[in-house]
Structures are given as structure tokens and as C-alpha cells.
Amino acid sequence: MKTYRRPVSATWWRRNPYYVWYMVREASCVVLTLYALTLLVGVARLAQGEVRYEDWLERLSRPWAIAYHVLAFLLVAYHAWTWFRIMPKTLPRVPVPDKAIVVAGVAAIGVCSMLLWWAARP
Amino acid sequence: MKRSNKPIFWSLFGAGGMLSALIGPVLIFITGIAVPLGLIPREAMGYERMRVFAQNGFGKVAIVLVIGLFLFHGLHRMYHSVHDFGIHVTPAMKAAFHGVALLGTLAAVYLVSVIG
Amino acid sequence: MRTIAIECLRYHPETDEAPRWQRYEVPFSDDMSVLQGLQHIKDELDGSLTFRWSCRMAICGSCGLMLNGVPKLGCEHFLRDYYPGPLRIEPLTHFPIVRDLAIDQSDFLAKLESAKPWLMPKADPGEAPHRQTPKQLDDYYQYSKCINCLLCYAACPQYGLNEKFTGPAVLALLHRYNADSRDGGKGERMPLVNAEDGVWGCTLVGYCSEVCPKGVDPARAVNQNKIESTKDYFLRFLAPRGSK
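Chains L, W and Y, in that order, give the protein sequences.
Numbering that gives the first Met the number 0 puts the first residue of the first sequence at 0, with every later residue one more than the last.
Numbering that gives the first Met the number 0 puts the first residue of the second sequence at 0, with every later residue one more than the last.
Numbering that gives the first Met the number 0 puts the first residue of the third sequence at 0, with every later residue one more than the last.
Since the hints were made in silico from the structure, they are not lab data.
Errors might be hidden in some of the hints.
[Unchecked claim] With beta-carbon atoms standing in for the labels, derived distance ranges: (1) Y:L118 to W:K93: 30 to 40 Å; (2) Y:L108 to L:R61: 53 to 63 Å; (3) W:M0 to Y:L237: 32 to 42 Å; (4) L:W117 to Y:M119: 52 to 62 Å; (5) Y:S113 to L:R4: 16 to 26 Å; (6) Y:D30 to L:A26: 22 to 32 Å; (7) Y:K144 to L:L70: 41 to 51 Å; (8) L:Q47 to Y:N67: 52 to 62 Å; (9) W:L102 to Y:L237: 54 to 64 Å; (10) L:V69 to Y:N67: 46 to 56 Å.
[To be verified] Just a sample of chain L residues kept apart from chain W, beta carbon distances all over 10 Å, derived: (11) R5; (12) Y17; (13) E53; (14) S112; (15) R120.
From a predicted model like this one, the values you see are computed outputs, not experimental measurements.
From the three backbone atoms N, C-alpha and C, an ideal C-beta is built for every residue, glycine too.
Let the sequences and hints guide you as you build the complete structure.
So, in C-alpha cells, the structure goes:
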């Protein structure tokens with residue numbers, strides 16, 4: 000039987016807003032990876048002594064670094080939100096409505112954030 | 000039908016996803032925005048304070064877990080995203096992405112062990 | 000009576016090298032479905048237009064179409080919502096086109112059979128019927144509502160990128176039987192679940208569950224089985240399970 004196969008283009012995701020948001024969610028992983036590497040560099044500088052560490056800290060204060068971290072914050076926050084929004088679908092059947100799981104997850108983010116913020120202050 | 004070994008990577012991906020969902024945003028805010036802008040005093044990330052943290056057993060575990068799990072989550076997803084853009088993924092690419100995550104984790108382990 | 004512009008993707012293998020668009024002006028009333036619009040075209044304007052349909056009430060799963068790029072059943076969407084148009088109608092994406100709006104479902108049918116979507120009773124109840132509590136029914140009921148309309152396959156970008164991926168509906172139906180308290184065939188179905196193109200081909204885009212007209216939620220069925228597959232992977236050395 001002669002059939003026609005329509006090609007799938009590499010920009011398939013631009014056709015539909017649902018797919019665009021999926022790609023945004025996936026893109027969050029790039030900034031997360033870069034952030035982890037930034038922390039890794041920070042730990043390395045920490046091991047190398049005060050001068051190198053202070054230099055790393057100073058670079059973090061540059062305008063482009065702060066702007067980058069604002070973007071990273073937004074994308075990773077979006078990851079956090081979508082993570083818990085999707086979570087009900089990955090869990091085995093529990094006698095809890097989906098919405099409760101999402102609310103609990105977001106609440107957990109809030110609690111952890113407040114704890115870390117409090118612990119961070121000297 | 001060949002059994003996939005995805006469960007190993009997926010478990011690491013899941014752990015990293017959970018951790019980064021819970022504390023990723025606030026960590027980025029503290030280290031990348033609050034401290035540089037002075038919303039939190041600079042001493043919060045000061046050399047002495049951070050060294051004490053890294054020398055503490057709990058601190059070492061925290062550093063390795065955050066860096067390692069963030070890397071495994073991010074790189075595993077990046078590997079899948081390459082496929083999503085229509086690029087054919089090879090076993091070599093899979094090894095490369097996860098290899099970087101492994102190297103990063105090992106580097107973190109090494110660094111916290113030499114810090115003291 | 001108002002008129003809506005409908006553009007259909009046409010393909011006749013005996014004459015066409017590639018699909019082409021054809022535009023029709025279709026008079027419609029507010030109660031007319033997209034399917035009725037196609038039927039008007041076939042009855043009054045162009046008898047050569049080919050499309051599948053049957054029940055007209057979203058239960059047979061025949062009339063799956065792309066309406067302005069979104070997978071939908073033609074019988075449960077209305078022309079009034081696309082006025083003035085043009086409403087672009089294409090066959091479901093990710094499937095080969097047989098003729099006009101009719102697709103080749105053979106890949107799906109082969110995969111469906113491979114999932115062993117039939118009851119393999121755990122125990123023989125003899126003369127008596129199987130018994131099931133409402134909760135046990137609840138565990139699999141939504142997954143039994145699948146009408147094989149294939150909208151989820153059109154929605155799934157992973158299926159579009161990799162035709163070997165088992166796909167949402169087949170995995171949802173597989174789960175329907177695994178989750179059925181009467182069924183004992185989970186071990187036989189695990190190899191399909193555990194394969195690279197089984198549940199692991201899914202990246203939880205989630206669009207399949209968005210487009211499903213029956214509320215099956217295939218995304219949930221697939222992703223619950225990621226945990227099952229992971230358990231199976233790590234615990235397989237502890238206890239022998241079903242067949243390999």
C-alpha cells in the first residue's frame with residue numbers, strides 16, 4: 000500500500016503553545032547544570048584559599064552574573080512548579096487528590112526556602 | 000525485547016529533580032542575587048563561614064549532593080532535549096552527558112575531602 | 000445561512016506525489032459538527048474526499064483529525080467555533096497517509112497486540128463470576144475507556160520523533176490490565192514496559208492526556224509504570240517474576 004509519510008521538522012514544538020512551554024521546562028535544565036558547575040567552581044576556589052575564593056565571589060557580583068542568575072532563578076522556579084504539577088501522574092495510586100499533592104509540593108518549596116533563607120543569614 | 004537501563008539514570012534524575020525543585024530557586028536567589036546585591040550581608044557567603052561549612056561532615060554531604068544531583072538531573076534532561084530537537088542521539092553522547100555529571104560529582108567529592 | 004472556509008489536506012496515491020490543500024466553502028448551522036461539514040463536502044461538493052467516521056458520538060474513535068493543528072474528534076467539535084475560518088483539516092500527524100484524511104493505523108495495531116491487552120486471570124473462579132470491589136474497579140477503570148482514536152499518538156512528540164516508541168494508548172491499555180485485580184499477566188507484559196521504547200520513551204510532555212477525548216490520562220498510565228519498571232530493574236535479583 001502506497002502511503003505518504005509527512006516529515007517531522009526540528010521545529011515541531013513551535014506549532015503549539017503547549018509544546019513551547021514543554022521546551023521551556025526542558026530548557027531549565029541547562030541553567031540548572033550551569034548553576035551546579037558554578038557552585039563546583041566555588042567549592043574549588045574555596046579549597047584554593049581566600050584570595051581565589053574572594054575573586055569568585057566578586058565575579059558573582061558583576062551585573063551580567065546577577066542578570067544571569069535572575070534568568071536562572073525564573074527558569075528553575077518554573078521547573079520547580081512543573082515538577083510538582085506533574086508529580087501526581089508519576090506516583091502510584093494514593094488516596095489523595097492530585098491537587099493536594101501539588102499544594103503539598105509547593106508548600107514544601109515554601110518551607111525549604113524559608114529554612115534555607117533563615118540558615119543563610121549570618 | 001532488550002531491557003533498558005534507564006531506571007538507573009531516571010532514579011538519579013528524579014532525585015535531582017526533587018532536590019532542585021525544593022531548594023534550587025532559593026539557592027540561586029541567595030547565591031546569585033541576594034548576596035551579590037547585599038539583600039543578605041556578604042558574610043553569609045564569606046570565606047571563613049563557607050570553609051567552616053565545607054569542613055563540617057553535614058556540609059560536605061550537602062555540597063556533594065547538591066552539585067551531584069543537580070548535575071545528573073540537568074545533564075540527563077539535556078541529553079533528552081538533544082533528541083527533542085530532532086538530533087539523533089548516540090551511545091557516545093549518552094556517555095558524554097552522564098560522564099560530565101559523574102566527573103562533576105567526583106570532583107565535588109575530591110574537593111570537599113581536601114578542604115579539611 | 001453562514002458559510003465557513005474549510006481547507007482539507009488531499010492525497011490520492013494514484014495521482015499525487017505529495018499532499019496538497021483544497022479549499023471548500025461550506026454553509027453551516029450552529030449545530031453542525033466538523034464531521035457534518037466533511038459529510039456536506041462529500042455529499043454536495045466533492046465526492047472524492049475520503050475520511051473515516053462511524054458513531055458520530057465520540058465512542059467509536061474513527062474520526063480523529065487535526066483541526067488547525069490540534070488533534071480532535073471531528074464529531075464532537077463544531078464548525079461555529081472555527082468561524083469564519085479557514086478551518087484547516089489534516090489527517091492525524093505522525094501517521095502515514097493512506098488517502099486524504101485516512102491514516103495507516105497498522106503500526107498502532109501491531110503494538111497493541113504486543114501489549115497483550117486481554118485478561119489473563121490470576122485464578123479460575125470456576126462457575127462463579129470474578130468478584131471486584133468498587134475500589135478495585137476504580138484502580139483501572141479510566142484506562143478501560145480508551146476508544147483507540149489515536150489522538151494521543153498525534154499529540155505525542157516522542158512518537159513523532161521515534162516511530163518505535165510504543166506510545167500512550169498501548170501503554171495505557173497495558174496498564175489497564177496490569178492494574179486489574181483479576182489479571183495475573185503483569186510478568187508477561189513487563190518486557191514491553193521495561194524496553195527503551197516502552198515507558199522509557201516518554202518524557203512526560205503530557206499532551207496526550209490533554210487531547211484524550213475520554214479522560215484516559217495515558218500520561219499517568221505510562222509514568223506510573225516508570226516506577227514499576229524501576230522496581231523491577233532493582234529488585235529482579237531478589238524474587239523471580241513471571242516470565243522473562
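Here is what the structure says about each hint:
no., hint, verdict
1, Y:L118 to W:K93: 30 to 40 Å, "38 Å, holds"
2, Y:L108 to L:R61: 53 to 63 Å, "59 Å, holds"
3, W:M0 to Y:L237: 32 to 42 Å, "22 Å, violated"
4, L:W117 to Y:M119: 52 to 62 Å, "55 Å, holds"
5, Y:S113 to L:R4: 16 to 26 Å, "22 Å, holds"
6, Y:D30 to L:A26: 22 to 32 Å, "44 Å, violated"
7, Y:K144 to L:L70: 41 to 51 Å, "42 Å, holds"
8, L:Q47 to Y:N67: 52 to 62 Å, "58 Å, holds"
9, W:L102 to Y:L237: 54 to 64 Å, "32 Å, violated"
10, L:V69 to Y:N67: 46 to 56 Å, "36 Å, violated"
11, R5, "14 Å, holds"
12, Y17, "14 Å, holds"
13, E53, "6 Å, violated"
14, S112, "4 Å, violated"
15, R120, "6 Å, violated"
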